[in-house]
Structures are given as C-alpha cells and as structure tokens.
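Protein chains in written order, with my numbering: chain A, 76 to 530; chain B, 76 to 530.
Watch out, some of these pointers could steer you wrong.
Straight-line Cα separation of at most 30 angstroms, BS3-like style, residue types lysine-lysine; simulated pairs [claimed, not checked]: (1) A/K149 - B/K261; (2) A/K233 - B/K149; (3) A/K106 - B/K265; (4) A/K149 - B/K315; (5) A/K265 - B/K149; (6) B/K235 - A/K149; (7) B/K149 - A/K235; (8) B/K315 - A/K261; (9) B/K315 - B/K235; (10) B/K261 - A/K106.
Take a look, some chain A residues computed to stay more than 10 angstroms from chain B by CB distance [claimed, not checked]: (11) P142; (12) T154; (13) E357; (14) E382.
So, partial list: chain A residues that the calculated Cβ filter (under 7 angstroms) puts toward chain B [said to hold, decoys possible]: (15) F119; (16) G137; (17) T140; (18) R144; (19) L157; (20) D180; (21) Q216; (22) V481; (23) I484; (24) G496; (25) R498.
The set of hints was computed from the structure by calculation and includes no laboratory data. Glycine residues also receive a C-beta, built at the ideal position from the N, C-alpha and C atoms.
There are 2 protein chains.
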Amino acid sequence: MNHSLDRKAPHHIVIVGGGFGGLYAARALAKEPVRVTVVDRRNFHLFQPLLYQVATGILGPGEITAPLRHILRKQANATVLLGEVIDVDPDNRRIVLADGVLDYDTLIVAAGMRNHYHGHDAWEQSAPGLKSIEDSGWIRQKIFFAFEVAEREPDPEKRKPWLTFVVVGSGPTGVELTGMLAEIAKDTLKDDFRSFRPEDSEILLVDAAVRILPSFPQELSDKAKRSLGELGVHIRTGTKVTSIDDTGLTLQGPQGEERVEARTVLWAAGVSGSPLGARLAEKTGAALDRMGRIPVGPDLTVPGHPEIFVIGDLARIPGKDGNPLPGLAPVATQGGRYAARAIMKRLKGEGPPAPFAYFDKGTMAVIGRHAAVADIGPFHFGGIVAWLMWLFIHLMLLVNFESRLVVFIRWAFSYFTYSRGSRVLLALGTMRLPVTGAASCEAQPGNGREENRAG
Amino acid sequence: MNHSLDRKAPHHIVIVGGGFGGLYAARALAKEPVRVTVVDRRNFHLFQPLLYQVATGILGPGEITAPLRHILRKQANATVLLGEVIDVDPDNRRIVLADGVLDYDTLIVAAGMRNHYHGHDAWEQSAPGLKSIEDSGWIRQKIFFAFEVAEREPDPEKRKPWLTFVVVGSGPTGVELTGMLAEIAKDTLKDDFRSFRPEDSEILLVDAAVRILPSFPQELSDKAKRSLGELGVHIRTGTKVTSIDDTGLTLQGPQGEERVEARTVLWAAGVSGSPLGARLAEKTGAALDRMGRIPVGPDLTVPGHPEIFVIGDLARIPGKDGNPLPGLAPVATQGGRYAARAIMKRLKGEGPPAPFAYFDKGTMAVIGRHAAVADIGPFHFGGIVAWLMWLFIHLMLLVNFESRLVVFIRWAFSYFTYSRGSRVLLALGTMRLPVTGAASCEAQPGNGREENRAG
Numbered sequence: 076m077n078h079s080l081d082r083k084a085p086h087h088i089v090i091v092g093g094g095f096g097g098l099y100a101a102r103a104l105a106k107e108p109v110r111v112t113v114v115d116r117r118n119f120h121l122f123q124p125l126l127y128q129v130a131t132g133i134l135g136p137g138e139i140t141a142p143l144r145h146i147l148r149k150q151a152n153a154t155v156l157l158g159e160v161i162d163v164d165p166d167n168r169r170i171v172l173a174d175g176v177l178d179y180d181t182l183i184v185a186a187g188m189r190n191h192y193h194g195h196d197a198w199e200q201s202a203p204g205l206k207s208i209e210d211s212g213w214i215r216q217k218i219f220f221a222f223e224v225a226e227r228e229p230d231p232e233k234r235k236p237w238l239t240f241v242v243v244g245s246g247p248t249g250v251e252l253t254g255m256l257a258e259i260a261k262d263t264l265k266d267d268f269r270s271f272r273p274e275d276s277e278i279l280l281v282d283a284a285v286r287i288l289p290s291f292p293q294e295l296s297d298k299a300k301r302s303l304g305e306l307g308v309h310i311r312t313g314t315k316v317t318s319i320d321d322t323g324l325t326l327q328g329p330q331g332e333e334r335v336e337a338r339t340v341l342w343a344a345g346v347s348g349s350p351l352g353a354r355l356a357e358k359t360g361a362a363l364d365r366m367g368r369i370p371v372g373p374d375l376t377v378p379g380h381p382e383i384f385v386i387g388d389l390a391r392i393p394g395k396d397g398n399p400l401p402g403l404a405p406v407a408t409q410g411g412r413y414a415a416r417a418i419m420k421r422l423k424g425e426g427p428p429a430p431f432a433y434f435d436k437g438t439m440a441v442i443g444r445h446a447a448v449a450d451i452g453p454f455h456f457g458g459i460v461a462w463l464m465w466l467f468i469h470l471m472l473l474v475n476f477e478s479r480l481v482v483f484i485r486w487a488f489s490y491f492t493y494s495r496g497s498r499v500l501l502a503l504g505t506m507r508l509p510v511t512g513a514a515s516c517e518a519q520p521g522n523g524r525e526e527n528r529a530g
Numbered sequence: 076m077n078h079s080l081d082r083k084a085p086h087h088i089v090i091v092g093g094g095f096g097g098l099y100a101a102r103a104l105a106k107e108p109v110r111v112t113v114v115d116r117r118n119f120h121l122f123q124p125l126l127y128q129v130a131t132g133i134l135g136p137g138e139i140t141a142p143l144r145h146i147l148r149k150q151a152n153a154t155v156l157l158g159e160v161i162d163v164d165p166d167n168r169r170i171v172l173a174d175g176v177l178d179y180d181t182l183i184v185a186a187g188m189r190n191h192y193h194g195h196d197a198w199e200q201s202a203p204g205l206k207s208i209e210d211s212g213w214i215r216q217k218i219f220f221a222f223e224v225a226e227r228e229p230d231p232e233k234r235k236p237w238l239t240f241v242v243v244g245s246g247p248t249g250v251e252l253t254g255m256l257a258e259i260a261k262d263t264l265k266d267d268f269r270s271f272r273p274e275d276s277e278i279l280l281v282d283a284a285v286r287i288l289p290s291f292p293q294e295l296s297d298k299a300k301r302s303l304g305e306l307g308v309h310i311r312t313g314t315k316v317t318s319i320d321d322t323g324l325t326l327q328g329p330q331g332e333e334r335v336e337a338r339t340v341l342w343a344a345g346v347s348g349s350p351l352g353a354r355l356a357e358k359t360g361a362a363l364d365r366m367g368r369i370p371v372g373p374d375l376t377v378p379g380h381p382e383i384f385v386i387g388d389l390a391r392i393p394g395k396d397g398n399p400l401p402g403l404a405p406v407a408t409q410g411g412r413y414a415a416r417a418i419m420k421r422l423k424g425e426g427p428p429a430p431f432a433y434f435d436k437g438t439m440a441v442i443g444r445h446a447a448v449a450d451i452g453p454f455h456f457g458g459i460v461a462w463l464m465w466l467f468i469h470l471m472l473l474v475n476f477e478s479r480l481v482v483f484i485r486w487a488f489s490y491f492t493y494s495r496g497s498r499v500l501l502a503l504g505t506m507r508l509p510v511t512g513a514a515s516c517e518a519q520p521g522n523g524r525e526e527n528r529a530g
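Isolated chain A, as found in the complex (with noise of 0.2 angstroms):
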C-alpha cells in the first residue's frame, strides 16, 4: 500500500469494470506515474447504446464490442484481467475475485446496472432484458425464432401468440426496441414467409406511467407516440404488468386486467446495481437507494472512504435539481475522466478536487426509419434531424476506426434493402427456447399464404 509517486513501487489504482466509467478512468491515468489494473468479468468493452441493434439483427457482436486489452495495449501502465469481482475488503484494501485477490492503493467501482424485475426474478427467464451481448443473443433468438414456429404452425389461433411481441417499459431502450420490432415485422421480413404476413404482427408497448419516455419533455413522448403509431405499434400507457410467464403476460391497466398471449415478452422497466455495489455498502456502512445505487459524495468517492471511487451507473449522484443524475454514457465517461483527474490531485498534494459537475449534453432516443427525439438544453426536436444527428453522434463515439466503418455499412445496407445481416440462430439443440407449439408440417406449406390472407 502507498500513497507516493515513488516510481519503484507505484500507486496502484483498481478499476473494477470496462464500461465508459472504467475504460475512460484507465485512459485519462495513461501518462501518469501509477499502476492501474482493469478487472472485468468480459474481456471487451461494449457499446451499449447499440445494443438494442444486435439484439434485433442489424449488428453482429463484434461490431459494437472491443477488446479492452486491445484497446489498452499501448498504455504501458495498465494491466486487464479477466475476473469476476465478487467482494471489497475496504479493510486490507483489497478486492476478492472468484479465483484470487488483488490489493489496490485506490479502488474505482464501475461495476454498472442489471436487470431488475421489482421482485420478480422469475420473470427474467421469460421476458429478458438488455444489458449484455448474452443477452441480446437471446432477445435475437427469441425474435426471430417465433418467426419461424409461426411459419410452421398451420392453426392461425396457435400462431398468434408467435407474432405477438409485448415490450414493457418505455424508457429509450423500450421505444428503440419496439421501433426495431415494427421494422422487423413491416419491413425486413416482408417476403420471407408464406404461411402469414409478418406485418401482420401485433406489436404493444406497455408502460406504468401514463406517457412513454417518461424521463424526456412531454412535447416529445407525443412525438415519440405518433411514430409509433405510424408503425402499427398499440401502446398501453397507466398500465401495470401483474405476471409473466413463457406463454404470455398479464396487464392491470385503466380498463381492467387483461390476458395477452404472447411468445415473445421483453423486459425494458428496470435496472439495480450490480450485487458488487450491496457488498461494497455492507462493508463501508453506505446507504443503498432503491436502485441499488451508492450514495457518492461531491467527489465521486464512497464517505468515509476517500480511496474509494463509485462511477457511472451504480453511483448516485445528485445533479443541480437535486435528482440524481441518469444511467448514461457520458455520466460514466465523464465521472471517469473526474475520477482519474481526483486521484492525481490528491497524490500531487494538490488538495482536494473540486466537486464533480455534470455537463448535460442531452438526450436522444431513436424510434425507427427517420424517427428520432432529442432532448437536448433548450432544444426538443424530433423527426429526420434527430434522426441524422442520433446516426452520427453514435457512428462517432464507437471505439475504433473499422467498426465504425463496417456499422456505417451495415446502416447503410440496412437503410436501402431493408434487411439485417445478423439473424443467425443457434442450433435447435442449442437454444434456450420452448421447441413445444412447432407445429407438424403436414398442413402442406407453401400453400397457407393465400389461404391465410383470404380467411
């Protein structure tokens, strides 16, 4: 343990996860005279604003991920791991891994957010949600999957519940995939089956509060709204969901309870923190919010713990109106920029740093095909232009040079045919999905289309 620039034994600075917090901490330390060890539980970091993309089959994994040794290897200070942290020892300053310890001088958690079903975690196995590449592996599987049962199940009351698709929650991950999900259904698959028409999917939204993206002006949920309902989307604002389970779900709204029967349900209402932030409070008496956030002080630091770093999503920050800020990039980007400044002030004996402030540089969510809103200061717009702008600034803020390039093709491609060119499924023995309601083939296909489209 030291608190010098000794360059013999230098301060060695822990950060625990390689999202925009951690990766941009690592970065900003690049020159400094410190060790710094990365430890992830995943070898890359991820571009997790795309990641609703991959889960709906415009991107493949690699596109949106980089490997943070790669991305680190230049930086001749900085070491990764691959680990799963699974405690905090504030104590003896050290972290626990599931196979080791590692002792630090400073610890930066950015361990980030998981899902979170408010008490249901049965329905994770039903409904899941979009936090990681596993699961928007998933998500693709069961999206595209039900395409496929539905060609094969010749009943059209069977097959219903198929080319039923329920989101719930409509924070700009739910409106980004129901607006994926419409495309699919409208567009994408136009052609491809011939025992019913993809666009006759049904495709709902399904929030508690009484207006989609509640967090963003109410001009814009209107916006938002509308382009859904261009795209055939049936939005159930006021809404409660009461159950869910592998066939369906149960919604408690303003005209009673009812049944949707549904194979594919997606779960956009919730994250908490990582358990590593419930370890980290336990240890250092800190008080968890109802998000499963760390309170942090001015400082980014835990109270009480000044060697102790809390950035990006599992930290709770308090913005200028007293709310804490949001689970965004640049909030994590930005914290880890601060963070990396903190601890080279402190080791400087330059005094404490002054107190984190965000810059707010908005907020945008994108709805489909020349859809967008953003949110940004003064400025609420919608339509093409937030559109155009969402393209760039994402295509922009991607780590490297070549999948920058290979994402502006596939958006490219995508745009003018139409098509996505990452819907590989798994093989069948392979998936995690009920095989049961694949109908036998007797019905004779290739002649149901007509059929189906006079009935």
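Starting from the known structure of chain A, fit chain B onto it as the hints suggest.
Frame of chain A, contents of chain B only:
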C-alpha cells in the same frame, strides 16, 4: 404424391439441408413449375470455407451466414422450414422431423458431414472440430480464453499448457487453423499482455500422414511446410494421437510416445456423414462407406430409388480416377444444380439425364499472410499469387454484397493493423471451459513481463 407438371398440385421437391448443395439445388429450380421446400435445423446458409476465420476472430458469424429464407424470399415456389430431420420413410415418401412429418415427391438429401473422432467420441469435449457456427464460437472462446488465463498465471510452468496449441489433422482446415493460431500469437496479441509474450506460444500441427496437406501434390506440401515453419509452427507428421483430455494429448510418433500438456487442442482430423445418412442407408439398403457416405449412381440418386438424390459431402460420388470426389463446396454446388436439372428432365419426359460430371476448378489452402497453395489442374503454385487469388475468389463467392463489403473491410484492417475485430468472450459463467488454473492475482500483475523475459 404426383409426378406431373400439373400446376394445381405441383410436384413437391423436399431438400434437406441449406448448405451449398441444397441451396444451389433450390435456386436452380426457381423458374420451374414445382414446389420446393428446404428444411434445415439452422435458419441460415453457412459459407463454410471461411468458418476458420470466425473461429479465430477475424470475422463475425453474421458475415459468413445469410438467412436461407432471405436468400429465397423472391423465389415464389420455395418454402423454408426450420426443423431437424431425424428419419426418412422412402416407402411412404415422407421425411420425419423431430416434431412433424413432411411428404415429398422427390427428395434431395444434402445433410452434410459432422466431426468424427474415429471411435473416440469423448475427445470431442476436449478437442472441438470446426463444422458449425457453434463450433467456431467454442474454438474462439478456447483460444482467447487460454491467453486470458495465462495472463493471470504467475507460475511459468503452469502457464505453459495454456500457451500450447495443438491442431490435429493437416488437411486444408487444419493448416488454415494452424496458420491463424501462429498469426494470433505473433502479431494480433503482440502488445496485449503484461506477464508473458504471446509470441512464445507453442503451436503444433500433428498428422498421421507422412506429409501435411496429403491430398495436395508433394511440392505444395513442401511449400506449406516451409511457410508454417517460418511462422514458428512445429510439425509432427507420421504421428498418431492416442488420447486427448482437457489438459493435453498423447502422441505416438517416429520417436515413440510423447505427452503434450496443452489446454487448447483443435480437431481437424476427420469428418463423417450426418446421422441422417445412416437412417437413409438402412431404409434403402445402401451400404455406407467408411466415412459414412452414401454411394450414389451416376445420376446422384440412391440405387433403386430414382426419387432420392444425395448431393454434397454426404454423397460418395466416384471421380474420373475412381477415387470418390472430395468434400468441397464446388462438388456440392455442381451436384445441386445437376439434381435440379435431372429432376426437371424426368418430369418433362425428356428421358434420363447424362451422368454427373464434376468440373474440377482446383483446390487451395491459405497458410497465412502472403502464403497460400493452389492446385489447379496442371498448375501448382504458392506464395503471394496464390494468396491473392484465394482472397479474391472467396470474396466473390460470398452470397451477398453486404457481406462481401464487410469481409473486405475486415480483411483490409486485419492486414494493415494485425488486429482481429471479433474477439468477444462470453461471460465467465456461461463458458464451456474449465476455470481451474486461473490463478490468484497476488503476484502483482503488471510487473511480471520483464521478470518473464529475464527468466
């Protein structure tokens, strides 16, 4: 069942398998007054010749696959079904799926091959072969995870097996995998690790034959051997594998028995016919050959069953020299087109088709940067000309333009930056790999590299 060209109840051709054989047969029937159903247990056509590049992180799965129903979407007479065919019932002219049955008038079986371990099925758990997208994911996981464990292993003795890579089988797939492994260790990961030098990895290519690439002319074997030698690969020919487990394998060669401790062993030493081939043989009285292939007549049908064609790798087709044709994409595509023509000739009453004649365009194998071998009729050559030819041909053979463009960009980046864009490891919890051996981190990562170099 019908054998007319009646448009009301058209002749129904069922194709099992959407690989090169099945897909090209279906496409060749596009304008004919028949009904075509393609059944596959995957939803995509796989461009198998580039599968080793997915296994080694250059390409992503979406770049060498294309959804079958998307390829055939404009072909009005074709239906694509996702399903696993488990049996054939020639007497009733139907195939049996895991969850249904399907009647046919003519059947084209193009079910392909799977990895074969010559009676040692248990070896598959330790030494994956490379036949499917799932295989390629598993192999990629094994390769890149081994380096991750090595980074966390402070003991050089314990680290060595994680940095030893063995490929069993020196046909084109084995040689291509070996060349890629060498490039990963020497170039791709050059600066990525702190506690060891990836270029110190040991890469072994083992084959029971007396020379590598045994199906190629001697001079090309020699060229390939030289190229692999320059990449630092150790070649053991005339060497049999007598056992494989999770920690290594035992070799029996000219110098006697040898145990090699290796955490990554890849199998490229044998394939055999899909289990459906055995079912078909049993039902039709055909005699499977040693590799589980079905011997077909000169018109590619099963003797005694003119309504059942077998094409692609699963068919044993005598070549001009009496030897069976090799399991190559061109044999399958030509077989697929031939079967389509033969069926239509018969339906139109134009008499029996001329016997199938394979037009051999030659074979190639790529070894590494600027190194490949080509065996094209009387021309045997290697080096940069063969390598450029290989790149160009494979790019042109990709089924859609978007993939072609993306693969071209990936290759260009990989060539100029030595990087590999697709190195995603899934979460530790979901890995099919042992995590034992992943050591404690107490050995102060970040200091190890120089020690290792000195030691």
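Status of the hints after comparison with the structure:
Taken as a hint, the A/K149 and B/K261 pair is honoured in the structure, with Cα atoms around 16 angstroms apart against an allowance of 30 angstroms. Taking the CA atoms of A/K233 and B/K149, the gap is about 27 angstroms. The hint holds against a cut of 30 angstroms. Distance hint between A/K106 and B/K265 is fulfilled; the C-alpha atoms sit about 21 angstroms from each other, no more than 30 angstroms. Among the hinted pairs, A/K149 with B/K315 is inconsistent with the structure: their alpha-carbon atoms are about 42 angstroms apart, more than 30 angstroms.
Simply put, A/K265 and B/K149 have alpha-carbon atoms about 10 angstroms apart, close enough for the 30 angstroms limit, and the pair holds. With a C-alpha separation of about 25 angstroms, the suggested pair B/K235 and A/K149 falls inside the 30 angstroms cut-off, and the hint holds. As the CA atoms of B/K149 and A/K235 are separated by approximately 25 angstroms, the hinted pair is consistent with the 30 angstroms bound. With a CA separation close to 56 angstroms, the supplied pair B/K315 and A/K261 exceeds the 30 angstroms bound.
Taken as a hint, the B/K315 and B/K235 pair is honoured in the structure, with Cα atoms around 23 angstroms apart against an allowance of 30 angstroms. With a C-alpha separation of about 27 angstroms, the suggested pair B/K261 and A/K106 falls inside the 30 angstroms cut-off, and the hint holds. Separation of A/P142 from chain B is inadequate, the least Cβ-Cβ distance of about 5 angstroms not exceeding the 10 angstroms criterion. Non-interface status of A/T154 relative to chain B is broken: a Cβ of that chain comes within 10 angstroms, the nearest being about 4 angstroms off.
At the 10 angstroms boundary, the C-beta of A/E357 stays outside the reach of chain B, the nearest C-beta of that chain being 23 angstroms off. Even its closest Cβ contact with chain B, about 18 angstroms, leaves A/E382 beyond 10 angstroms, as expected for a residue assigned away from the interface. At its closest, the beta carbon of A/F119 sits 6 angstroms from a beta carbon of chain B; the interface hint therefore holds under the 7 angstroms criterion. With its C-beta approaching chain B no nearer than about 3 angstroms, A/G137 sits inside the 7 angstroms limit, and its interface hint holds.
Evaluation of the A/T140 hint against chain B yields a held restraint, the C-beta minimum of about 5 angstroms falling below 7 angstroms. The criterion of a C-beta within 7 angstroms of any C-beta in chain B is met by A/R144, whose closest approach is roughly 4 angstroms, and the hint holds. Below 7 angstroms, beta-carbon pairs count as interface contacts, and A/L157 has one with chain B at about 4 angstroms; its hint therefore holds. Interface restraint check: A/D180 against chain B, minimum CB-CB distance 12 angstroms, threshold 7 angstroms, status violated.
Using the Cβ-Cβ criterion of 7 angstroms, the hint placing A/Q216 at the interface with chain B is not satisfied: the shortest such distance is roughly 10 angstroms. The interface hint given for A/V481 is met, as the beta carbon of that residue sits about 5 angstroms from the closest beta carbon of chain B, less than 7 angstroms. Given the 7 angstroms rule on beta carbons, the hint for A/I484 holds: about 6 angstroms separates it from the nearest Cβ of chain B. Annotation: A/G496 was flagged as interfacial toward chain B, and the flag holds, the nearest CB pair being 5 angstroms apart, inside 7 angstroms.
For A/R498, the suggested interface contact is upheld, since its CB lies about 5 angstroms from the closest CB of chain B, less than 7 angstroms.
Going through the hint list in order, the structure does not satisfy hints 4, 8, 11, 12, 20, 21.
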